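Those sequence lines, one after another, are chains A and B.
Each residue of the first sequence is one higher than the last, beginning at 5 in my numbering.
Each residue of the second sequence is one higher than the last, beginning at 2 in my numbering.
Treat the hints as calculated values from the structure; they're not laboratory data.
Be careful, since some hints might not be right.
[Unchecked claim] In the SDA-like style, the derived pairs of lysine to any residue whose C-alpha atoms are separated by at most 20 Å in a straight line are: (1) K410/B with E244/A; (2) K412/B with P242/A; (3) K14/B with D263/A; (4) K42/B with S246/A; (5) K410/B with D263/A; (6) K410/B with S373/B; (7) K42/B with Y8/B; (8) K42/B with P11/B; (9) K412/B with H241/A; (10) K42/B with E32/B; (11) K410/B with Q249/A; (12) K279/B with R126/B; (13) K412/B with D263/A; (14) K410/B with S246/A.
[As the list claims (entries may be wrong)] Which bits of chain A does chain B cover? Going by a derived footprint, with three or more residues having C-beta under 8 Å, they are: (15) 237 to 244; (16) 248 to 257; (17) 270 to 281.
[What the hints assert, rightly or not] Some chain B residues close to chain A (C-beta under 7 Å, calculated; not the full set): (18) P297; (19) R298; (20) T351; (21) S428.
Keep in mind it's a predicted model, so treat the numbers as computed, not measured.
Even for Gly, the Cβ is constructed at its ideal location relative to N, Cα and C.
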Amino acid sequence: MTFAGCRDCNRTEHLRRAVAEAGRGLPGIEPGMPMPAGTGLTRRDFVSRAAGLALGIYGGSLLPAGAFEAGIAAAAGAPPRNVLVVVYLSGGIDGLSVLFPAGDPMYYQLRPNIALAQTAGSSFTQDGRLRWHPAAGGLATLHAEGKVSVIPAIGYADNDESHFTSRHYWEVGATDATLRTGWLGRYLDHAGTPDNPLQGLSLDVALQPALATVTMPVATLQAADQYTFAPPGLPPHPLEASMLQEAANIGAAHAASTDTGLSTAGSIALESHHLYSELSSFTYGFNSPVPYPSSSDPFPHRLAGLAAMIGAGLPLEVATITSPGHFDTHAGQAQALAGGLQLTSDALLAFQRDLEARGIANRVLVYVWSEFGRRAAENASGGTDHGSAGIGFLIGTRASGQMIGAFPGVTGGLNSLGNVAPTADFRAVYSAILEQWLGTDANAILPGVAAFDRPKLLT
Amino acid sequence: MSSVPEYSGPFGKEQAERLLWRAGFGAKSGEAEALAKLGFKHAVHALTRPAPYQLVGPAPTADGGRPLSPTAVLGDDHLSWLDRMVRTTAPLIERMTLIWHSWFATSNQGVASQQLMLNQVDMFRGNALGSFADLLTNVTTDPAMLIWLNGNQNVKSHPNENYAREMMELFSLGADRGAYTETDVREQARALTGWTGGVNRGIIGSFTFNPNLHDNGTKTIFGRSGNYAWQDSVDLCLAHPLHASFFVTKLWSYFVPAPPDRATAGALQSLYTTTGFKIHPVVEAILQHPDFYSSPRMVKSPVVLNAGLLRTIGRPIDTAVWAALGASAGQQLFYPPDVGGWDYTRWLDTATWRARWFIVALAAATNPPGVSPAAPAQLVEAAVSFWGQPALSDQTEALLLSFAESQLKRKASPVDVETALRRLVASSPDLQTA
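Build out the structure end to end from the sequences listed, making use of the hints.
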């Protein structure tokens with residue numbers, strides 16, 4: 005697939021990969037590029053027996069691992085708090101496809117080849133011009149139940165069309181290329197605790213920049229079953245299982261040694277193998293009360309694990325996760341968009357049903373975002389280029405279910421560049437989330453938001 | 002003045018191995034035997050009185066032969082120092098440098114300049130066995146330290162106590178010993194005022210003393226008054242009656258797991274003060290002390306293990322993975338956890354053990370055996386030879402042999418058994434400790 009007109013796609017992809025490979029902190033940035041949030045945080049691996057999870061912990065470096073163990077246990081015993089789940093749709097999803105303006109003739113003029121049919125998908129009750137994409141049935145279902153607030157044109161004035169820069173702005177919560185902490189990270193620095201890394205959990209191989217803190221610890225978690233012993237970069241050893249067992253046997257032979265050095269090293273080898281055995285049969289250590297979509301993408305499984313962790317009383321407060329699919333649809337958009345949107349939408353529906361079945365739905369609010377929307381007019385490759393305002397959602401039983409900002413229309417709603425103009429500012433929505441859901445004065449977290457009117461988010 | 006007790010027991014391969022691992026980075030094949038042949042004193046002196054420092058062997062690279070950029074690339078700083086540990090002809094110099102890095106623990110997390118961090122460690126290396134007075138003096142105005150503990154923000158109008166406190170608590174006197182009061186901290190901070198400099202957008206500025214920012218008033222420190230300046234701060238700490246005991250006890254702890262007895266501590270203190278704060282005689286005395294050889298084994302630090310395994314098998318730095326594994330194993334060079342340095346008594350937990358397994362496995366993947374012997378005892382012998390024939394406990398040896406036997410019985414390929422045995426040897430408590 006070609007990415008016509010996307011000068012920095014490769015760079016963004018490269019950085020995404022660099023993060024994944026390094027697995028410890030965010031990548032170094034070329035001179036002149038905006039600094040991503042969180043650069044400089046170092047990562048430590050930690051297996052929490054209290055939580056049964058293999059965590060990568062960022063920050064909180066003054067504390068020994070035992071303090072996290074105690075902190076997680078203490079926080080788990082405190083009264084349950086509201087949980088915010090932030091879902092990132094990577095690449096700038098086309099809002100004009102997710103909720104498409106079937107009732108606006110200009111849409112069909114601008115997109116002669118890729119517009120969705122006037123009767124495709126399902127109707128959107130709050131604006132007769134719009135219809136849900138056929139792949140967004142999960143969201144449509146939840147919307148019909150009053151559990152989805154649609155933000156049809158969210159963004160910021162004079163937006164930057166670089167993936168990297170625009171995403172950076174959203175991650176740090178300000179149009180400031182020099183900020184190095186995330187908006188959620190600053191919230192945790194303000195309201196978090198120094199010994200509970202689960203308070204900010206990135207369900208990913210590396211920390212999401214939005215969670216980058218200065219003082220408080222946060223964590224990444226790929227899977228509870230990541231405590232494996234296959235060395236990175238080596239082919240699997242044919243005798244791996246028996247070799248690991250033998251390393252434990254050798255440890256056991258020294259665990260009771262009168263030499264304290266030998267007994268320490270022996271005991272740890274033995275303990276590590278015990279833990280390995282426990283976690284390898286663990287597969288998240290939960291049963292989901294509802295089915296999730298089956299996929300090779302980890303998103304549904306991670307959401308299922310997230311519901312189970314919240315349900316089990318683990319002290320999570322803000323969690324970030326990246327949706328499946330890459331929505332930078334410069335070419336072949338019809339096909340490229342549908343797969344990721346279907347899986348995202350279906351998995352979010354399953355997640356909501358899971359929370360409801362567990363009786364914890366009132367404690368969880370999901371916020372879905374992308375770095376921008378896409379150009380209203382299609383390009384020559386059957387795709388769309390980077391635009392301005394995009395689509396966002398708040399999902400949950402406590403969400404108001406009302407639109408936040410109106411859909412401006414493609415007739416009369418485009419700016420001079422042919423992009424959808426924003427009717428809601430992301431910083432206003434962040435402010436409202438911080439104040440109405442997390443109970444913190446947003447002015448202490450986000451620079452320059454005093455002037456923004458806060459939309460009403462909750463019922 | 003009573004002298005420091007000296008070891009008088011047997012000095013064979015086992016003792017020589019301990020010396021090479023605790024005061025260096027392990028033993029190549031035959032190295033421990035050769036050292037043992039020198040006899041005890043000469044063996045210790047081979048480490049404590051090395052010929053001029055040299056690096057031997059191929060220059061380090063990251064993966065694909067990329068030359069290292071220690072000042073610019075994250076992780077290359079770690080690799081470049083690991084390379085020195087692997088290639089040096091004077092391993093004790095590098096061990097002492099590592100000790101000073103943890104003693105005056107400065108982290109690039111706060112300094113944000115790999116260049117300044119490397120400069121600081123070069124300074125430690127230059128004084129590694131020299132004078133502690135020089136070290137404390139130099140580190141007090143070292144740019145990385147000035148940034149790390151806010152010495153560059155400590156000015157007459159707004160004294161910053163950060164460095165003043167740590168220079169006494171962690172560097173020279175120790176906490177909770179009655180050595181100093183909170184007033185001493187504040188007065189020391191005043192004496193230390195006036196240093197400026199910083200790093201701005203990656204550009205290293207000049208670090209200079211500005212007399213206009215220095216507090217010229219009278220300070221009272223440890224009960225004495227004067228118009229003290231930063232050199233006086235250093236001298237007052239060194240002359241403090243509780244400094245020598247702090248110094249020898251702390252230095253001892255890097256080499257021997259249990260504290261020295263009272264007589265030993267006293268004798269080491271006398272040695273230290275009568276030689277004018279010289280490090281070399283104290284280290285030499287510790288390496289010759291009976292406790293060094295009779296004490297329980299110590300867990301090797303992650304970089305000591307990593308460098309030692311590579312040194313043993315003669316493998317140069319050829320991959321960046323060691324930097325990431327150092328971090329996972331709990332010791333990323335230039336990033337100590339805090340100003341207190343690494344806790345040398347707590348290297349092991351279930352997560353760091355996993356990282357050590359990876360270090361072992363990746364080091365063991367060098368020179369894979371083409372053909373392996375088909376007899377269990379020979380397979381064990383080949384795997385132990387790979388790591389330079391370290392002495393192993395009977396229990397470990399027996400379990401290695403039974404593993405080889407049972408695997409061959411199950412028709413495992415001898416090559417697979419040998420590579421598995423390599424990992425089992427190096428991950429055994431025998432090689433994780435010294």
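Hints, verified against the model:
1. Pair hint K410/B plus E244/A holds up; C-alpha atoms about 17 Å apart against a cutoff of 20 Å.
2. With a CA separation close to 12 Å, the supplied pair K412/B and P242/A stays within the 20 Å bound.
3. Taking the CA atoms of K14/B and D263/A, the gap is near 19 Å; set against the 20 Å cutoff, the hint holds.
4. A distance of roughly 45 Å separates the Cα atoms of K42/B and S246/A; the hinted pair therefore is violated under the 20 Å criterion.
5. Between K410/B and D263/A the alpha-carbon distance is near 34 Å, which puts this suggested pair outside the 20 Å criterion.
6. Between K410/B and S373/B the alpha-carbon distance is near 15 Å, which keeps this suggested pair within the 20 Å criterion.
7. A threshold of 20 Å between alpha carbons decides the hint, and for K42/B with Y8/B the separation of about 10 Å falls inside it, so the pair holds.
8. Pair hint K42/B plus P11/B holds up; C-alpha atoms about 12 Å apart against a cutoff of 20 Å.
9. Annotation: proposed proximity of K412/B to H241/A holds, straight-line Cα distance about 15 Å (limit 20 Å).
10. In summary, the hint linking K42/B to E32/B is supported, as the alpha carbons are separated by about 16 Å, within the 20 Å threshold.
11. For the proposed pair K410/B and Q249/A, the alpha carbon gap of about 17 Å is at most 20 Å, so the pair holds.
12. Pair hint K279/B plus R126/B holds up; C-alpha atoms about 15 Å apart against a cutoff of 20 Å.
13. At roughly 37 Å between alpha-carbon atoms, K412/B and D263/A are farther apart than 20 Å, so this suggested pair is violated.
14. For the given pair, K410/B sits about 13 Å from S246/A by alpha-carbon distance, which is consistent with the 20 Å threshold.
15. Judged by the Cβ-Cβ criterion of 8 Å, the region 237 to 244 of chain A is covered by chain B as claimed, because 5 of its residues qualify and three suffice.
16. Interface restraint, the region 248 to 257 of chain A with chain B: holds (6 residues with C-beta to C-beta distance below 8 Å; minimum three).
17. For the region 270 to 281 of chain A, the stated coverage by chain B is satisfied: 6 residues place a CB nearer than 8 Å to a CB of that chain, which reaches the threshold of 3.
18. Interface hint at P297/B: satisfied, since its Cβ lies 4 Å from the closest Cβ of chain A, which is below the 7 Å cut-off.
19. With a cut of 7 Å, the hint placing R298/B at the interface with chain A holds, because the nearest CB-to-CB distance is about 3 Å.
20. About 5 Å separates the beta-carbon of T351/B from the nearest beta-carbon of chain A, less than 7 Å, and the hint is met.
21. This hint holds: S428/B has a C-beta 5 Å from the nearest C-beta of chain A, less than the 7 Å allowed.
Going through the hint list in order, the structure does not satisfy hints 4, 5, 13.
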